[in-house]
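Residue numbers (this note's numbering), protein chains in the order written: chain R, 669 to 1164; chain B, 669 to 1164.
A few of these clues could be false.
For chains that are exact copies, the list does not tell them apart, and a pair is met inside one copy or across any two.
As the list claims (entries may be wrong) - Below, computed lysine to any residue pairings styled on SDA-like, alpha-carbon distance capped at 20 Å:
| # | residue 1 | residue 2 |
| --- | --- | --- |
| 1 | K1058 | L733 |
| 2 | K810 | L871 |
| 3 | K810 | A1047 |
| 4 | K1058 | R801 |
| 5 | K874 | R897 |
It is worth saying that the hints were derived from the structure and are not from the lab.
2 protein chains.
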Amino acid sequence: MRIPLDRQSTLPLYRQIETALRQGILSGGLSPDTRLPATRQLARDLGVNRITVETAYAELEADGLIASRVGSGSYVLPACSPPPRPPDSPACPPWPAWQQAVHARSELAGPPLPAPAPAPQTISFAGGTGDSRLFPADDFRKVMQAVMRRDGAAALEYGDPRGYAPLRGTIARVLASQGLQAHPDNILITAGSQAALALVAQLLLKPGDGILVESPTYSGALDLFRALRLRVVGIPIDERGMQVEALESLLARQQPGLIYTIPNFHNPTGTCLSSQRRRQLMAVADRYGVPILEDDFVGDLRYEGRAQPALKALDPGGRVIYVSTFSKMLMPGLRVGFLAVEGPVYAGLAGLKRASDLATSNLIQRALEAYVTVGRYQAHLRRSCQIYHKRRDAMLRAIRRHLPAGVRCDPPQGGLFVWLRLPASLSAGQLLPLAAEEGVTFDPGGRFFPDGAAGECAASPWGDCLRLNFAVQTPEAIDEGIRRLGQALRRLAART
Amino acid sequence: MRIPLDRQSTLPLYRQIETALRQGILSGGLSPDTRLPATRQLARDLGVNRITVETAYAELEADGLIASRVGSGSYVLPACSPPPRPPDSPACPPWPAWQQAVHARSELAGPPLPAPAPAPQTISFAGGTGDSRLFPADDFRKVMQAVMRRDGAAALEYGDPRGYAPLRGTIARVLASQGLQAHPDNILITAGSQAALALVAQLLLKPGDGILVESPTYSGALDLFRALRLRVVGIPIDERGMQVEALESLLARQQPGLIYTIPNFHNPTGTCLSSQRRRQLMAVADRYGVPILEDDFVGDLRYEGRAQPALKALDPGGRVIYVSTFSKMLMPGLRVGFLAVEGPVYAGLAGLKRASDLATSNLIQRALEAYVTVGRYQAHLRRSCQIYHKRRDAMLRAIRRHLPAGVRCDPPQGGLFVWLRLPASLSAGQLLPLAAEEGVTFDPGGRFFPDGAAGECAASPWGDCLRLNFAVQTPEAIDEGIRRLGQALRRLAART
């Protein structure tokens, strides 16, 4: 135990020791039943006389904070009152100026905390993942067990910063089965696809640089780009995806250093970029020399219609940085994503990855490699497609049945989301508390727009919007949830 | 499967499909025994006639690339030659200009790859972790199993971006047992301590800003700060740690935005900052309003001498950002580190963490929480201290026995490293290949200096240096390894 002692102080050493331990006990850090170091040990650690430590312990014992048990040492006693939260107490000196400066920075204003869990009976259409109940957690547990037996300590070392080589091979095969060629040496494994987006934005851009995004787009990407102090430029989207026709003038005017796009089952709108626009996007970006960051978060989760190639599959070489993840299809909690790109940028990204976190958990990578085969992946995909297809249909049916006529949506051909547009007079932000009262929740549309304001959402040709995740609820719960949403909408309309 | 089709092309659709599949097979992405999609399925996916797909498959079969098995579909056949690496082939168009620009950036020059594994008989004193063979991997496997059974799918969700709350509680208790008070709500769990350093540097500094570091210091921190394009300013170090006397003039002249320090068992030199200098450092940093980033990577791994308080324990509130990890003591492959800080900066760091990777692996955090208790941590610490203490002694003995008289070192009181200083005429870089021939390896000193050049190491008052990790070898291997190092040194001296 390293207790700070000030040998120049007029406060006796035993008092300094006693004060430090008392603080530890009262703050709850030294919890009840914690064994304090033996007096001889602590005296040696701190370079003081053993009597000094014994005196300190005796004071604490007299105050009822610790008790000595014969032959086994001194233990912390349960406190009478709950431990106070120490740091913000008025006795502390004011925060230094650099802390105030951090506090004042607007790009960090977003809530760092997860949204509070909704009430137990609430039906939630919020969140951006698939249904984790579908994941065969028990099979994965067995695989994890087998890998830990097989690899022992090797699974607990750092490993290759680019990612576990056999897993990169598996990813290359899964991509090939989707029609996308990537060599394992051009694949970089990251802590979820979010970390892949962060690496690319950090490597290619600096604070103040522009980044072009669909408007609306994935809110986590917006949070990231704002945190990196980038200038986020929105390009409108319609039912065929990004309005590529507007791209050239935006590139010329705003000179963004990167184009971030979700061409398949776009988050939050669910639209797919048309084939023609895909080729246009590639051509214009190439002409202006702007790299494309393709986020293919649920690319193969298609329920109907014709498959579109990934932008990466149209890339003649080194134009597109392709990012995907196992989080959405399999398990968010694993935090394993990846990117694929050819050319010198790969080494730059691998170097930045190593500098940022050395490597992604070797153990998790090995377990995932043992679990995922092309066959297993495809079987899981087929099963997910069947189930989510039914849920999407249930949601579209429920919307027609329960929601007022002024509410519109474009049926998505795949993915996880339905994007709902409210009549011009209604606000998604005002709807949210009423919906919570009815027992249903969703993600209001404002957070998906580059300027963050619900105003932009309302000002868009679509009216105010909200995102519904249909993948996480059963058809029955979807019907009931949308019925509740209809109730809330009618109450809101009656007020307006 | 999403194959890019160009319906405007003069190339027939069946030929486009065949070409895409052929590329996949020849590149190895579609590996032998992969089952191709059923023709009807692929025709539906791509929106083409089934005969088109059948024609493409027939061509591939005629070329011996696939075979159809009656009633079960078409499978990829083993290739005759190993798959070529496609991306850098001369047929590709040149890399776009932005790729060239990344390639030209000097701060990314560091090797992204891990060092090649040394020959099997080589005794390695390289690397910065403890001995992973000491870790009870089997106990941890059982805990992981129990947690996965207990938590099921909940362990596979994103979880709290600040870190799993019970693990933050455990960390607070472990810190308290070390004499350091931190509330669980002021602890942020990160993907290893490297990610904690990255978050702090990214939040508080922008490219071009200065960061003060000990010279030499942890090479991974230097890699990070260079990758973030920071201006790295070195402050010399002696046997009592950072030469704090030089701090004030450096702060005035260079105006760094952050002080990065390893006060305990410094990497690479093994020194400890003296108590007096700790207080001086706190006072000067506070006067100049510069935050301190304290890296306490092996703070409690002390074999002798008096314990020094962490800088964080001297912090009146919000001056010091404390970073530590389970990687060194327990298992590097888990990638779980943490930071502790009070004040508004905590929310900024938590927000940036969420924007960067959403959350650290929930599963690993839960397993660690179930595994680590204060008692278990302390038992593991005691055992590690005993074993590493013996290894340090073995190394100091072997150095006296086998190395030429001109080689010097300050015996470290704890930690993992001995820092060896060569006679002025000898170069660690030249020693390395000779040592490899003798069957021993180490980390040459140059990489630990802010300017990266061995020149600075040689120009320091210490002569050229090298770092030896004594924690990863048994006493017998240490004796033999140092004997080999002595051989290499004598060969080098004979040459010079």
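Comparing the hints with the structure gives:
1. K1058 - L733: neither (61 Å within a copy, 37 Å between copies)
2. K810 - L871: neither (38 Å within a copy, 40 Å between copies)
3. K810 - A1047: Classified as within; 19 Å inside a copy, 30 Å across copies.
4. K1058 - R801: within (16 Å within a copy, 50 Å between copies)
5. K874 - R897: both (8 Å within a copy, 10 Å between copies)
Hint compliance for this structure: hints 1, 2 are broken, all remaining hints hold.
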